[in-house]
Amino acid sequence: MADVAQLSTSLRRGTLEFCVLAMVEHEDRYGTEIVRRFGEERNLAASEGTIYPLLSRLRRVGWLDSKWSESPSGPPRRYYALTDTGRSALEHFRSEWVSFRQTVDRLVGTGGA
Amino acid sequence: MSSNKTDNAVAEYLHELELRLSGLPVLQRRELLAEIEAHISNERVERAVASESDVLELLERLGSPEIVAAAAYEEAGIGDTRRQVLAYAGATRAAVRPLPPIPPPPDSPPPAYAAGPFPPAAPFGQSSYAGYSPFDGPPPVVGPPFAPPPAPKQESSTGLRVVVGVAIAAVVFVLLGCLAGAFMLTSGAEVGEAPAPVVAPDQVQIERGGAPARGEEAVPPLPEQAVPAPTE
Numbered sequence: 001m002a003d004v005a006q007l008s009t010s011l012r013r014g015t016l017e018f019c020v021l022a023m024v025e026h027e028d029r030y031g032t033e034i035v036r037r038f039g040e041e042r043n044l045a046a047s048e049g050t051i052y053p054l055l056s057r058l059r060r061v062g063w064l065d066s067k068w069s070e071s072p073s074g075p076p077r078r079y080y081a082l083t084d085t086g087r088s089a090l091e092h093f094r095s096e097w098v099s100f101r102q103t104v105d106r107l108v109g110t111g112g113a
Numbered sequence: 114m115s116s117n118k119t120d121n122a123v124a125e126y127l128h129e130l131e132l133r134l135s136g137l138p139v140l141q142r143r144e145l146l147a148e149i150e151a152h153i154s155n156e157r158v159e160r161a162v163a164s165e166s167d168v169l170e171l172l173e174r175l176g177s178p179e180i181v182a183a184a185a186y187e188e189a190g191i192g193d194t195r196r197q198v199l200a201y202a203g204a205t206r207a208a209v210r211p212l213p214p215i216p217p218p219p220d221s222p223p224p225a226y227a228a229g230p231f232p233p234a235a236p237f238g239q240s241s242y243a244g245y246s247p248f249d250g251p252p253p254v255v256g257p258p259f260a261p262p263p264a265p266k267q268e269s270s271t272g273l274r275v276v277v278g279v280a281i282a283a284v285v286f287v288l289l290g291c292l293a294g295a296f297m298l299t300s301g302a303e304v305g306e307a308p309a310p311v312v313a314p315d316q317v318q319i320e321r322g323g324a325p326a327r328g329e330e331a332v333p334p335l336p337e338q339a340v341p342a343p344t345e
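In order, the protein sequences belong to chains W and D. Here the numbering used here is used: the first sequence runs in plain steps of one and ends on residue 113. Here the numbering used here is used: the second sequence runs in plain steps of one and ends on residue 345.
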């Protein structure tokens, strides 16, 4: 009995973290940069401040690494990088996601043409 | 003047966030506060956020301290408050109804993330991980009155007690019911059925003088004679 208003929250849960991993897959990014990027996505829009606890967890489970570095303009920045386990978690998600999406599309009838 | 005001708004925001995070392990709390503070500074410098309304909008985008703190607790595996509220509601319903469906134990499941398939690898250089223990539940908090996790925690444990009490009462009730049923069955058999076969042959034999009961005669009179027998 998921409330309709809860739908996007539920969909975000469990997928948003892999969007974060993908965001730092090819280059390290600092927190504010990641948060801004998410702010541009309407469907993912959440309160920006909730991304930081997510980053914290991903770092604690060892999927992300982080290091502080000086910034030319403002305060020090904390840069996040994908670890090896994070990389394999992302790969695993990608294959799972494709089959998951296909199944849902088939059952819900959103496969399209 | 304006800069003072905006600084105040930021300081107030950070202060309230800190109060609400008091249930987190200290290093996680410090880490998050440092990040949020850096975020605000970054935005102010890099996006030239200066006016009071711009700063308020920046804070608005971050989300209220309440929202950010709730996310922090959830990601830390400490008291998903929504889940606890639901569990508490379930326990309250259970206390009102006599035979409730047992709600899930409020204390057990941390959010799926925390229990995830990955090992909680703990690279030791990462300081804020050191004090982190995801499954311990919220540490005892002496902190400010509106820190979220202690209150629901207490509520859910009283809820648990109520559920256990109701469950025990239900078991006792069912046992008593079984006993009473068994008692009624045995006593019912003594009164209603047992005498019939015992008394009837005697009377048949007395009346017929020990004559061998033939099938067609002995059986039909049996009920007629057996029924008045116990009443005499």
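Don't read these hints as lab results, they were simulated from the structure. There's no promise every hint is true.
Distance windows between CB atoms, simulated [said to hold, decoys possible]:
#1 D:159 x W:87: 35 to 43 Å
#2 W:103 x D:177: 47 to 55 Å
#3 D:281 x W:44: 46 to 54 Å
#4 W:10 x D:161: 34 to 42 Å
#5 D:174 x W:98: 28 to 36 Å
Since the structure is predicted, the reported quantities are computational estimates derived from the model, not experimental observations. Using N, Cα and C, we set each Cβ at its ideal position, and we do this for glycine too.
Here is how each hint holds up against the structure:
1. D:159 x W:87: 35 to 43 Å: Because 29 Å falls outside the window, the suggested range is violated.
2. W:103 x D:177: 47 to 55 Å: 37 Å, violated
3. D:281 x W:44: 46 to 54 Å: For residue 44 of chain W against residue 281 of chain D, whose Cβ atoms are near 48 Å apart, the range 46 to 54 Å holds.
4. W:10 x D:161: 34 to 42 Å: 37 Å, holds
5. D:174 x W:98: 28 to 36 Å: 33 Å, holds
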